[in-house]
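Asker: Given the coordinates of chain G, work out where chains E and X should sit on it, guided by the hints.
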Amino acid sequence: MHRPAFGAILVVISALAVAACGSSSSSSSSSYSGKTIKLGADISLTGGGGVYGPQQKNGIQVAVDMINANGGVNGAQLSVDVQDDKSDQQTSAQVTQTFIQQGQVVGIIGPTLSNSAVAAHPVAQSLKTPMLAPSTTGQHIVGDCPYKDGCTYIFRDSLGEATAIPNNVKYAVSQIHPKTAVLFYANDDKFSSDGAVIFKQALADNGVNLPADGVQQFSKNETDFKSYVTTALSKTPDVLTISSLGGIPAKIMIEARKQGYTGPILGGNGLNTYQVSQQAGAQGKGAQSGSAYWVGADTSANKTFVDAYKAKFKDQSGNPQLPDQIAAQAYTAVLIYAEAAKNANLTFSDTAKDRDSLRAAMEKVSIDSPLGQFSFTSQHDVKQKVWINAFDGNGGFVNLTSVDIS
Amino acid sequence: MDFFIQLFTDPLGFYSAHQLLISQVGINALLTLSMYITLNCGMLTLANVGFMAVGAYISVLLGLNTSVPFPAAMLIGGLAATLLAVPIGLPVLRLSGIFLAIATIGFGQVVVGVILNVPATGEGQGLINIEASPATAINYIFGGLVVVAFVLWRLRGTRLGQAWAAIREDEVAAEAHGINVARYRLIAFVLGAFVAGCAGGLDAHLNFIIAPSEYQFTRVVGVLVFAVAGGFTNVVGPIIGATVLTSLPEILRFARDYRDLINGVVLILVILFLPRGIAGGRRPGGRGRLMALWRWPRSGPATS
Amino acid sequence: MTGRLLTQLAAQAPSFYLQQGLNGIFSGSVYALFAVGYTLVFGVLDILNLAHSAVFMAGAVLALIFFANFGLPFWLAVVLAIAICGAIGYGLDLVAFRPLRRRGAPHISSLITSIAVALIFVSLAENNFGANSQRYPASVAPDASFHVGGVVIDQLSILILLVTLGLMAVLAVVIRRTRPGRAIRAVAENPRAAALMGINVDRTIALTLVISSALGGLAGILYGLSAHDISPYIGRDQVELKGLAVIVVGGMGSITGAVVAGYLLGLIEVVALVTLGSNVRTGVAFAVLFLALVLFPSGLFGRRRERRT
Chain G
1 MHRPAFGAIL VVISALAVAA CGSSSSSSSS SYSGKTIKLG ADISLTGGGG VYGPQQKNGI
61 QVAVDMINAN GGVNGAQLSV DVQDDKSDQQ TSAQVTQTFI QQGQVVGIIG PTLSNSAVAA
121 HPVAQSLKTP MLAPSTTGQH IVGDCPYKDG CTYIFRDSLG EATAIPNNVK YAVSQIHPKT
181 AVLFYANDDK FSSDGAVIFK QALADNGVNL PADGVQQFSK NETDFKSYVT TALSKTPDVL
241 TISSLGGIPA KIMIEARKQG YTGPILGGNG LNTYQVSQQA GAQGKGAQSG SAYWVGADTS
301 ANKTFVDAYK AKFKDQSGNP QLPDQIAAQA YTAVLIYAEA AKNANLTFSD TAKDRDSLRA
361 AMEKVSIDSP LGQFSFTSQH DVKQKVWINA FDGNGGFVNL TSVDIS
Chain E
1 MDFFIQLFTD PLGFYSAHQL LISQVGINAL LTLSMYITLN CGMLTLANVG FMAVGAYISV
61 LLGLNTSVPF PAAMLIGGLA ATLLAVPIGL PVLRLSGIFL AIATIGFGQV VVGVILNVPA
121 TGEGQGLINI EASPATAINY IFGGLVVVAF VLWRLRGTRL GQAWAAIRED EVAAEAHGIN
181 VARYRLIAFV LGAFVAGCAG GLDAHLNFII APSEYQFTRV VGVLVFAVAG GFTNVVGPII
241 GATVLTSLPE ILRFARDYRD LINGVVLILV ILFLPRGIAG GRRPGGRGRL MALWRWPRSG
301 PATS
Chain X
1 MTGRLLTQLA AQAPSFYLQQ GLNGIFSGSV YALFAVGYTL VFGVLDILNL AHSAVFMAGA
61 VLALIFFANF GLPFWLAVVL AIAICGAIGY GLDLVAFRPL RRRGAPHISS LITSIAVALI
121 FVSLAENNFG ANSQRYPASV APDASFHVGG VVIDQLSILI LLVTLGLMAV LAVVIRRTRP
181 GRAIRAVAEN PRAAALMGIN VDRTIALTLV ISSALGGLAG ILYGLSAHDI SPYIGRDQVE
241 LKGLAVIVVG GMGSITGAVV AGYLLGLIEV VALVTLGSNV RTGVAFAVLF LALVLFPSGL
301 FGRRRERRT
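From first to last, the protein sequence lines are chains G, E and X. To convert, note that position 353 of the first sequence is 353 in my numbering; the numbers rise steadily by one, no gaps. To convert, note that position 269 of the second sequence is 269 in my numbering; the numbers rise steadily by one, no gaps. To convert, note that position 118 of the third sequence is 118 in my numbering; the numbers rise steadily by one, no gaps.
Note that these hints are calculated values from the structure, not bench results. The model shown is predicted, which means the values in this text are computed figures rather than measured ones. Only true hints are included.
Using C-beta positions, here's what the derived DEER-type ranges look like:
| # | chain 1 | residue 1 | chain 2 | residue 2 | range |
| --- | --- | --- | --- | --- | --- |
| 1 | E | 248 | G | 34 | 30 to 40 Å |
| 2 | E | 143 | X | 200 | 55 to 65 Å |
| 3 | G | 70 | E | 248 | 39 to 49 Å |
| 4 | X | 275 | G | 394 | 36 to 46 Å |
| 5 | E | 64 | G | 315 | 41 to 51 Å |
| 6 | X | 71 | E | 64 | 50 to 60 Å |
| 7 | G | 348 | E | 161 | 56 to 66 Å |
| 8 | X | 87 | G | 70 | 48 to 58 Å |
Note that CB positions come from ideal geometry on N, CA and C, so glycine has one too.
Bound conformation, chain G alone (with noise of 0.2 Å):
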């Protein structure tokens, strides 16, 4: 923890609540009363991704519900059009295309999926309309993206898995010294398959040895690990590490604790939330994993963010609901997009305008979140604090550790 930002980050928390809390007197905003600030999100609700998109749809209608209840943003409303892409590429950047040209949007939240993203991003950016990914931890999302128009339009607050992928392995060694590891991914899609780069490199980095044959590839529509498990497991890994999405990481590690494997389970992003640690359940205890996140967080803009996810969302029993990571980024994007908004000072009439302004204010945006102080990086990605967390057998979470990135 560093002391001296504790300040800092109190300052921040009680102008976001000054401002939160209604100042809509505020003399450069006077144009805002009465307007609606229109936002698109382009999310997984079904398919693939299913396993995310309705605790990011829950997220961000916690952050409208919340602006708009004190005042909105310089007295305008926030609304959020919520579209499905089904997980696929192509429904992903009709709907992007869709929010832009009809829509009239000023910006976008979305795509759940890498896979996706590098659909849709491209036509957000030759729209010329800001797009934030809230959950895209791919490689060349942001920043060195391989379009050809760029991608400075596109911003993401999602923690890359080049960054918390190999901070969840150094720490892992660190405690459980292994000396060799086996890998699963699924080989057919973007997000498990940068994943996988990132794990061997991390593991070679700090000296685990991944023999060749301990790497497990298959599809992303594999229903069965059964023999995959028999076969890594013949490696006597020391460490299993799994880069996959929606409910294969789950079953991986059920079969493997079946087959009488004990050791420590290392996965990425695909874990980061409740879904998947409820599928695993005991069999899942200990899996760890980099994450942006970390309910328990002791800030007050987590705290505001967790009083009125709890109060909002039930679970079947009727008590009340946990957010996840997923669930605090789409949060934050939402604040996000009102921060830039309330500065931007938007026209509400030259769209084409009010998304440049949108796009240059975001560059700026530095609010206290629930991801903690909030700012983007020139690259327009994330850099914050790494949590390591890891599944509790109960379908929850426990924090282990947490790695500050300087």
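Answerer: Leaving out everything else, chains E and X in the frame of chain G:
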């Protein structure tokens, strides 16, 4: 409803809002026509999406690594699919009915398997196509669609078209009349592969990424649905089927979570109440002999 | 390349191969159970029922909903789910197949309506269950496993194996020896002749769909138990495609063939994984299918049938 209101009151706005959708309609129409070619000759083959993948990867790899301009790269991709179709078609076309359908599904899966294991294809991560240009792709797509539809329409009167029709109507009789059934079936298969391969190249020019997950079983099933729902007794049916069913999810956007459900219901209604497909109108019967061939090759009709 | 592979293979303990063999057999159980329902309908109706994968999913999802949301005992949840899947089979015939049969519509139309029904069920599941992946609570099924000579065998897989084989035996007896079973075989052979013999063809076809769908629902539940994966998408893609491969290799319409081919596919996949590596597994299954079709056009166990119209 907004969808139609805008279509008629603000066609320019509609075009800019749905340019990608419209392009996708064109791609799907081309794919459906490629399936129509083989259906029209009495074969249910489901290799189209496999050939599409071949065309897409070849054209993108050419675009990224050489200075071959786009339309040429697309045609080379189409030709590559055509060349591949010959060795595939020779053994496979000896099968018929459901066995032919499943063998061609197998081919599609093998193509995906190969893509996943050849480093030049970017394997599972796919290839980012920086040469993609949705704005120009739409012109090529609809240019191509017009050409393919026109050629297929004109083919009906030719010797080739008549041979296909004869094989579709009655394979045994066609053989008896001296038509080389195997050869004409292969021509249909290869031509279908060419159209699908070109559609793949066009699709890749529209999208900024191509990845093996785009060429799965579900996609070829979708194309079959377009063909049957649209009606495959003439060239118009497949185009209408692809247009209506590709736009339907967008038209139904207001239904949000229930889109797919309504989609399914509409599909059932179309098949139940428009026996000749959307384009065929509601004229029951009349297909008699022609349709009898669409039974899987087993003994006896299944009707009581 | 081959040399390295052989060294690797030789380095493995015998228990490794035994374990992989068991893995193949256990996976094969689900393939077999899924494919039997598939092939039964094909045998009688000559149509590919692509809604079978949705019924498979519905079985798994309904059992979980009955258990977790309604608090029913698990056995009752399973029985209810299977019963509802059977009813779905009846509804499927009524809505998607019978009207087309009456009209003498081509089989390709029935294929499309079955796809549409699958679309509807997946959408219903997405809306009422959620698009995420869940599991049955660990308490509902035996999850102990025992170790014999380096091989791990879990009780659940044994149970699934026994249920599969037992059900197939029962089904074989029903089809061969009972009155409705004989009616099903008669309709499969020739519906017109069956009708002349006084068999109610519509009712027999409906019965076939009920049996097939109940089996499909059970297959879904057993899959959910063994794979710990219940979502609206479990029947799609892999299961559906592998089911197709199994019924083709087993000879369309042959129940014994489907069971044998189901286990065979489970084993082939394991052999491919062990010898060729994990990255080629999916491709290999279909390359085998492709070759099998070209070499044995009627399937390995199929009666020799006229291939051409």
